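Student: Protein sequence lines, in the order shown, are assigned to chains E and P.
Read in the numbering used here, the first sequence has 320 at position 201, and its numbers run on one by one without any break.
Read in the numbering used here, the second sequence has 296 at position 167, and its numbers run on one by one without any break.
No lab work stands behind these hints, which were simulated from the structure alone.
Just so we're clear, the structure is a prediction, and the values are computed from it rather than from any experiment.
Ideal Cβ placement from N, Cα and C applies to all residues, glycine included.
Take the hints with a grain of salt, since some may be wrong.
Computed cross-link-like contacts, DSS-like style, restricted to lysine-lysine with a CA-CA straight-line distance of at most 25 angstroms [unchecked claim]: (1) E:K272 <-> E:K139; (2) P:K247 <-> E:K343; (3) P:K288 <-> E:K343; (4) E:K272 <-> E:K284; (5) P:K288 <-> P:K203; (6) P:K288 <-> P:K148; (7) P:K288 <-> P:K251; (8) P:K251 <-> E:K284; (9) E:K252 <-> E:K343.
Derived list of chain P stretches under chain E, where covered just means 3 residues or more per stretch with a C-beta under 8 angstroms from a C-beta of chain E [to be verified]: (10) 146-158; (11) 300-314.
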Amino acid sequence: MSLAKRIIPCLDVDNGRVVKGVKFVDIRDAGDPVEVARRYDREGADEITFLDITATHDNRDTIVHVVEQVASEVFIPLTVGGGIRTLDDIRRMLNAGADKVGINSAAVFNPEFVCEAALRFGSQCIVVAIDAKKVSTLGEVDRWEIFTHGGRKATGIDAIAWAEKMVTYGAGEILLTSMDRDGTREGFDLLLTRAISEAVSVPVIASGGVGNLEHLAEGVITGKADAVLAASIFHFAEYTIQQAKEHMASRGIEMRL
Amino acid sequence: MSTVAVIDYGMGNLHSIAKALQHAAPEVDVQIVTNAEQILRADRIVFPGVGAMRDCMQALNQSGLSDVIREVAKTKPLLGICLGMQALLSDSEENGTTQGLDIFSGHVLRFSEALSDKDGHKLKIPHMGWNQVHQRPHPLWNKIAQDSRFYFVHSYYAKPNESSAIAATTDYPDAFACALSHNNIFAVQFHPEKSQTVGLQLLNNFLHWDGQS
């Protein structure tokens, strides 16, 4: 008997619709978020993450309504990320029915915000999302840095040191996205995932690059991730969550089947 | 119509537990309550909580609700969840030493950072995710398969002095008490409101329980 590894489908929500872009272009419509969340719950998702990518402030209420609707009928943990900048943003999401919030660029601009959020709401609901990109060149020791603005802007901050710092500041979990792999369907950056997972004491969710079911298994077996997150392979019904769990279990990974 | 009072003492968001209770038993009147009178009037009590033990006990002591909980714990079916379970123990090592309600004699301890899982990897803290619950006979496990997985998120766990109080155990990596019971009281470390169908079944069982173990 032991703790199961988790599969977390991620819904990128723009103005109330699920979308999935490849490297932030070519955004394809994948449906109504409430409908999609219901389907993932039926298929056995261990948690669901919503990433609000709505650009305009005016349309931010939409995600609150989505979370409210999902939380009234789906009884598994829900995480909301995207645009979380203030304690009030967190309060709104938790009140709408989210269990955790993902904090990304606000943590980079003001690390103290993570402390304040963890003190006020508890580390269990604070997920720090890290977008990392490889900066070392061939032959050098592997090194990754934190990037903001969808992977366009370098910060000069070392990814491993940053993850460790965020845990001491109160992060209860790390959502790690490889910006090199995101949208490529080539699989997780396993070296990055393993380096972060072995460096921190809290659970790490691997994200970015999943193109097939074996990629999910690799994330746990080689990357040492505690959970794996994927979007597009589930949205367009290439695979069901159930198939993904069965595949991972067949590779010897403890799953909730 | 029977009523269930979800105690609101400022520790965390109670909407999901209230929604899950309502979903589990639409015929029950679910109330989020803040004062003694409302708690004493209800047929059943849910005592939830997330956050730190010291804040939790401070909020209960300042509002006078600790005495009310001790009182209703003598007679009414009561379900403690997560921090609401830990607060029922004598004390917790979280925030130095924090005194609890002492309804179950025993301590609340932190998982050791030095532990490893069965594959030899350093154990992650918090214990977060779906883990198996090994039941001992109790009416609240009705229609729930042995070793079903429930959703956990916690860094501290209860260690009751009396092993007869243990209603279920979970391995992380050693077995710890993930559910406690005594007469009309039942308490769980995991989150039934986030544990999909098995969680809703447990809530439904509680909402139809007469408090007899």
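Student: None of the hints should be skipped; say for each whether it holds.
Tutor: So, going through the hints one by one against the coordinates:
no., hint, result
1, E:K272 <-> E:K139, "holds, 21 angstroms"
2, P:K247 <-> E:K343, "holds, 13 angstroms"
3, P:K288 <-> E:K343, "violated, 30 angstroms"
4, E:K272 <-> E:K284, "holds, 20 angstroms"
5, P:K288 <-> P:K203, "holds, 21 angstroms"
6, P:K288 <-> P:K148, "violated, 30 angstroms"
7, P:K288 <-> P:K251, "holds, 22 angstroms"
8, P:K251 <-> E:K284, "holds, 18 angstroms"
9, E:K252 <-> E:K343, "holds, 19 angstroms"
10, 146-158, "holds (count 3)"
11, 300-314, "holds (count 3)"
Of the numbered hints stated above, those contradicted by the structure are hints 3 and 6, listed in ascending order.
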